[in-house]
Amino acid sequence: PFLTLFIRDEIGLKGWPEMISTFPFLAAAGLGGIDASSVALLVSFAFLILQLLWAAPCGWLGDRFGKKRIFALGLGVMGVTALFSAFATSIPQILFYLIFLAFGNTAQTVLFGVYLADLIPGNRVGEFTGLSAFAETGGSFLSIIVAGALINLNLYGLQYRMIFILTGIFLLLAVLAVQFVKARVLIQTLPLAPAPVPTPTPTG
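Residue numbers (the numbering used here): 1 to 204.
Hints may be right or wrong, so weigh each one.
[Stated by the list, open to error] Computed Cβ-Cβ distance ranges for the label pairs, DEER-style: (1) Ser90 - Pro121: 48 to 56 Å; (2) Phe128 - Pro17: 44 to 52 Å; (3) Ala117 - Ala149: 31 to 39 Å; (4) Ala28 - Tyr156: 36 to 44 Å; (5) Ser140 - Ala29: 31 to 39 Å; (6) Tyr156 - Ala133: 34 to 42 Å; (7) Asp35 - Ala55: 26 to 34 Å; (8) Ser90 - Ile169: 17 to 25 Å; (9) Ile169 - Leu5: 15 to 23 Å.
Worth flagging that the hints you see were computed from the coordinates, not collected in a lab.
Glycine included, C-beta positions come from ideal geometry on N, C-alpha and C.
Please put together the full structure from these sequences, using the hints given.
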């Protein structure tokens, strides 16, 4: 929701008329006369589409280069891009940053569950999944309260931009934290199959 509010209240229609003139099909679709709120919703829709397009590639990259590595890469890309997004001043800039934000967010979404499965014993999957859900729900609840308070405080006149800055910082800290996470699950291999007993050949 803060992305939509940020675009509506901070960026508005800056850069949108230029996009309409550059891409005539947008004007043909009747998007030339929409207001800032509608543009913000379109950008949010574009973010969802980009995540959809990144889903399969992120899964493939996780299998190819390692789940932990791509998961951490997603955190890092999203963190750096969030810092840049905090200082975006036009719709084209936001759309460019959304490509990388979508990759980072999708990498986390796609690989989190399978990466977690590598870190915990098979007989405690339910317990750790529950703890993960508790942390995510609690974090989302607290983040809404804290973000709303920061926006109202308007520290340094940044308002919504402060949310992106703090998000970027904490995501980069998360990248460092992931480097210290190591799997402690012992992978048991199946015993080797016994060698076949040669069948004695009859004599005479």
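Task: Violated constraints from the hint list, given by number and in increasing order - done: none
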